[in-house]
Each structure stands twice: as structure tokens, then as C-alpha cells.
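Positions 13 to 150 (the working numbering) are the ones given, in order, by the sequence shown.
Hints are computed from structural coordinates only; laboratory data are not their basis.
As the structure is a prediction and not an experimental result, all values here were calculated from the model.
Backbone N, C-alpha and C define an ideal beta-carbon position, used for all residues, glycine too.
Worth double-checking, as some hints may not be accurate.
Here are the simulated DSSO-like cross-link-like pairs (lysine-lysine), alpha carbons at most 27 Å apart as the crow flies [stated by the list, open to error]:
{"#": "1", "residue 1": "LYS109", "residue 2": "LYS76"}
{"#": "2", "residue 1": "LYS35", "residue 2": "LYS121"}
{"#": "3", "residue 1": "LYS97", "residue 2": "LYS76"}
{"#": "4", "residue 1": "LYS97", "residue 2": "LYS121"}
{"#": "5", "residue 1": "LYS76", "residue 2": "LYS31"}
{"#": "6", "residue 1": "LYS119", "residue 2": "LYS109"}
{"#": "7", "residue 1": "LYS119", "residue 2": "LYS97"}
{"#": "8", "residue 1": "LYS97", "residue 2": "LYS35"}
{"#": "9", "residue 1": "LYS76", "residue 2": "LYS35"}
{"#": "10", "residue 1": "LYS119", "residue 2": "LYS31"}
{"#": "11", "residue 1": "LYS121", "residue 2": "LYS109"}
{"#": "12", "residue 1": "LYS76", "residue 2": "LYS113"}
{"#": "13", "residue 1": "LYS76", "residue 2": "LYS111"}
{"#": "14", "residue 1": "LYS31", "residue 2": "LYS121"}
Quick list of the computed label-pair ranges, beta carbon to beta carbon [what the hints assert, rightly or not]:
{"#": "15", "residue 1": "LYS97", "residue 2": "LYS24", "range": "38 to 48 Å"}
{"#": "16", "residue 1": "ASP19", "residue 2": "MET51", "range": "42 to 52 Å"}
{"#": "17", "residue 1": "LEU78", "residue 2": "TYR41", "range": "15 to 25 Å"}
{"#": "18", "residue 1": "ASP95", "residue 2": "ARG61", "range": "17 to 27 Å"}
{"#": "19", "residue 1": "ILE77", "residue 2": "GLU46", "range": "30 to 40 Å"}
{"#": "20", "residue 1": "GLN27", "residue 2": "ARG114", "range": "30 to 40 Å"}
{"#": "21", "residue 1": "LEU78", "residue 2": "GLN27", "range": "14 to 24 Å"}
{"#": "22", "residue 1": "GLY107", "residue 2": "ILE33", "range": "28 to 38 Å"}
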Amino acid sequence: MYLQCGDIVQSKMQQSRVKHILKTVNTNYDTMLEHFSLMLGEIVEDEERNSLIVNEILNLTGRKILVLSERIEHLNILWHLLDAKGVEAVLIYGGLKSKEKRLQFEKAKSASINLSSTGYHIHNFMRFFIGNDRFLQD
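The whole structure should be built from the sequences, with the hints applied where relevant.
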């Protein structure tokens with residue numbers, strides 16, 4: 013890359029105001045399946061694991077939460093579990109029609125919990141989470 017682009021002419025380092033924490037939560041999930049895509053299907057429907065995810069989300073009150081999954085089915089399950097607890101969340105994935113997608117992105121601006129498939133949408137969410145100072149406060 014350096015050979016093609018040349019010397020760095022200008023750079024700007026910005027001090028992050030957000031403390032990022034990665035928390036690992038162990039589950040009892042086990043499988044006898046050997047094929048990865050079958051395992052993913054099985055883990056998406058694992059009730060204990062999904063309950064743990066929802067409980068972790070609920071423990072983070074007052075924060076802006078972005079839940080990413082490659083599986084739209086998983087996002088739907090999590091959305092329904094949150095909805096059953098009376099918790100409002102925004103669900104955005106690639107299969108939405110343009111009008112619905114715009115509406116959901118507008119809701120995502122003020123929602124505290126956003127569920128999204130990975131890929132294209134992460135760029136749009138970053139505008140809400142990184143580009144807007146009110147979401148950078150700890």
C-alpha cells in the first residue's frame with residue numbers, strides 16, 4: 013500500500029471518549045454436528061444462549077446497543093424475545109424494502125437497541141454511533 017500511495021501527508025489522532033469492553037459469556041451449548049452451517053442453524057435457535065443474550069442486553073440500560081448477526085433468523089428471534097419483555101428494539105437487515113429500511117434507520121437514531129445484519133448496514137450505523145457526539149458519552 014505504501015508503494016502505491018506514497019508518504020503520509022497529514023494525520024489526525026483523536027482521543028476516544030468511549031470505553032469499549034468485550035465481555036465473554038460462556039454457555040453450555042454443545043453439538044454433535046460437524047458441518048459449520050448446520051451448527052450455526054442450531055446455535056441460532058438455542059434458547060439458553062438467546063436468553064443469555066437478551067439478559068445481557070437488558071443489563072446494559074441507558075446505553076446505545078448494536079447487536080450484529082449474520083443470521084436474520086437470529087435477529088428475528090432476539091427481536092421477538094425483547095418484544096415479549098416489552099423492550100423496544102429496531103430490526104434492520106438487507107431484505108427490507110427501501111421505504112421500510114429508511115423508516116427503520118430513522119427509528120434507529122433514537123432507539124437504544126438496534127439489531128442488524130452485518131455488512132452494508134454497519135456503515136450506516138457508524139454514522140449514528142461514531143459520528144454523533146450524543147452517543148459517545150459513557
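Within 27 Å, alpha carbon to alpha carbon, are LYS119 and LYS31? Within the cut-off at roughly 25 Å; holds.
Is the Cα-Cα distance between LYS97 and LYS35 27 Å or less? holds, 23 Å
Mind checking the alpha carbons of LYS119 and LYS109 for me, to see if they're no more than 27 Å apart? At roughly 15 Å apart (the allowed maximum being 27 Å), LYS109 and LYS119 satisfy the hint.
Does the Cβ distance between GLY107 and ILE33 fall inside 28 to 38 Å? Between GLY107 and ILE33, where Cβ atoms are some 31 Å apart, the hint holds.
Is the Cα-Cα distance between LYS76 and LYS111 27 Å or less? holds, 24 Å
Holds or violated: LYS76 and LYS113, Cα atoms, limit 27 Å. Cα-Cα ~19 Å, so holds.
Holds or violated: 15 to 25 Å for the Cβ distance of LEU78 and TYR41? holds, 23 Å
Hey, LYS109 versus LYS76, does the alpha-carbon distance stay inside 27 Å? holds, 25 Å
Verify the proposed pairing of LYS76 with LYS31, using a straight-line Cα cut of 27 Å. Holds, at about 13 Å.
Next pair to validate is LYS97 with LYS121; report whether the Cα-Cα distance is within 27 Å. holds, 22 Å
Holds or violated: are the alpha carbons of LYS35 and LYS121 at most 27 Å from each other? holds, 25 Å
Status of the given 38 to 48 Å range, CB of LYS24 versus CB of LYS97: Given range 38 to 48 Å: holds, Cβ gap about 43 Å.
In this structure, none of the earlier numbered hints is contradicted; all agree with it.
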